[in-house]
Amino acid sequence: MTLDPVVLFFVLGLLAALAKSDLKLPPALYETLSVFLLIAIGLKGGVALSKLTGSAVLWQVVAVILLGAGLTLVAFAVLRWRLGRADAAATAAHYGSVSVVTFAVASAYLARQGVEAEPQLTVFLAVMEMPALVVGVLLARIGGDKQVNWGRLAHEVFLGKSMVLLMGGLLIGWLAGVDGIKSLSPLYIDLFKPVLSLFLLEMGLLTAGKLAGLRAQGLFVVAVALLMPLVFAALGLATAVAMGLSVGGAMLLATLCASSSYIAAPAAMRIAVPEANPAISLAASLGVTFPFNLLLGIPLYLWLAQQVYA
Amino acid sequence: MPFHTKKLLTIVTESVLEARLVKDIQRLGAHGYTVVDARGGGAHGVQGGAWTFDRNIRIDVVCDTEVAKAIALRCEQAYLPDYGLILYVSDVGVLRADKF
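Here the protein sequences line up with chains A and B, keeping their order.
Just so you know, the first sequence maps onto residues 283 to 592 in the working numbering.
Just so you know, the second sequence maps onto residues 55 to 154 in the working numbering.
There may be inaccurate statements among the hints.
With a straight-line cut-off of 27 Å between C-alpha atoms, the simulated DSS-like cross-links for lysine-lysine are [said to hold, decoys possible]:
#1 B/K61 x A/K428
#2 B/K61 x B/K77
#3 B/K153 x A/K428
#4 A/K475 x A/K428
#5 B/K77 x A/K443
#6 B/K61 x B/K123
Some residues of chain B that are not near chain A, with every Cβ distance over 10 Å (derived) [unchecked claim]:
#7 V66
#8 V70
#9 Q80
#10 L82
#11 G83
#12 G86
#13 T88
#14 I111
#15 A124
#16 A126
Sample of chain B residues with no beta-carbon within 12 Å of chain A, all distances over it, derived [what the hints assert, rightly or not]:
#17 T59
#18 L71
#19 R93
#20 V121
#21 K123
Derived by calculation from the structure, the hints in this document are not laboratory data.
For each residue, glycine too, the CB sits at the ideal point set by N, CA and C.
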């Protein structure tokens, strides 16, 4: 198995930071790259969606929303074994939610293997971000006396940068269609992987920073962060089979389930469940689960999907 | 040149609080404020400033003692229990007292 070059950029960032190199990308670049990636993923999905007809997708969207909420409950039940209510709820929200970058790398991996996937997976990516955050906040607040400012949370979730760009990209791609998007494709389609490589370099640097804090969280958090993606990928595969997705679609849904959020969820939890310790969820999500999915999980989920469909 | 004595209230905290703090500061009677991105370390670990969630801000408010006290009280009650936040006050001299 050879690693995709974009993943090697992640390893480069990781090693550079661990070796205490002075390599550091300016924060403005990180912001710019993330804007680019979100628009590009949205556009690509939107164009593919414009070729689609029928209402089956609607039911699938409902199914993955329920799946996202269900995963959060499972994660909470597991984490509650050792963690306090607020910490377990906030971390569960990270795991029920999804990682856009993990999805992007999985899509690139599929393309490299020559496996097709359904276009609606991009829609799943967009809708799976939200239910986990709502369930996470509910879990933290049930039975407690603290009030939830739902307006502020809704604003954060629906009008947050990632949601606006992803949904906006989807809509623009859908409206423009295959021909309309041609003038944009040199930037958003052709340059996708080079930009992703730069982004992953930055992710490597950030992940290394979270590794340092991992020791403080103990073995339980690390074990959960390694096992949860495997269990969730299996649940995702089962759902994909039930929904009648193709091998590629099943692999991407498994990856979505296995991935954990480290952009939308931390921000939302910091606002809605401030008493939860962000160091726990970030060490698990960014320090363990993200690199695990990138280096081992993604090839493994494709292999698993191929076994299931064989 | 005569300087008028005012309080400089400085708050260093997590950037997720910016919108709420700015609203509080205006509501409690300050006439202006300055927000800058900040990096640093302390009880809540190192804030690298690379990401929204581990980014810090510093808010400077020049105001009267009463306003400074009101803002500090609001910070203590609403944010100190759950967020990384420090604040301090110092005496400063300003040229135009009516600006603050």
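* To do: Decide if the proposed pair is consistent with the structure: A/K475 and A/K428, CA atoms, cutoff 27 Å inclusive.
  => Violated. A/K475 to A/K428 sits at ~45 Å, over the 27 Å cutoff.
* **Cβ separation check - B/L82 to all of chain A, threshold 10 Å** => Given that every Cβ of chain A is farther than 10 Å from that of B/L82, nearest at about 19 Å, it holds.
* Holds or violated: B/K61 with B/K77, Cα cutoff 27 Å? -> Measuring from Cα to Cα gives roughly 19 Å; hence the hint holds.
* Beyond 10 Å from every chain A Cβ: check whether that's true for B/V70. => 5 Å, violated
* **Status of B/G86, Cβ more than 10 Å from any chain A Cβ** => Fine: 25 Å to the nearest Cβ keeps B/G86 off the interface.
* Asked: Taken at face value, is the distance from the CA of B/K123 to the CA of B/K61 at most 27 Å?
  -> Holds, because 10 Å separates the two Cα atoms, which is no more than 27 Å.
* **Verdict on B/V66 as a residue remote from chain A, using beta-carbon distances over 10 Å** => 16 Å, holds
* Asked: Are the Cα atoms of B/K77 and A/K443 separated by 27 Å or less?
  -> 21 Å, holds
* Asked: Just checking, B/R93 versus chain A, shortest CB gap more than 12 Å?
  -> 10 Å, violated
* In terms of Cβ atoms, is chain A entirely out of 10 Å range of B/I111? -> Label holds. Min Cβ-Cβ 13 Å, cutoff 10 Å.
* Test the statement that B/A124 is away from the interface with chain A: the closest C-beta pair must be farther apart than 10 Å. => Non-interface label on B/A124 holds, nearest chain A Cβ at 22 Å vs cutoff 10 Å.
* Asked: Beyond 12 Å from every Cβ of chain A: is that where the Cβ of B/V121 lies?
  -> Non-interface label on B/V121 holds, nearest chain A Cβ at 25 Å vs cutoff 12 Å.
Of the numbered hints given earlier, the model fails hints 1, 3, 4, 8, 18 and 19; all others are met.
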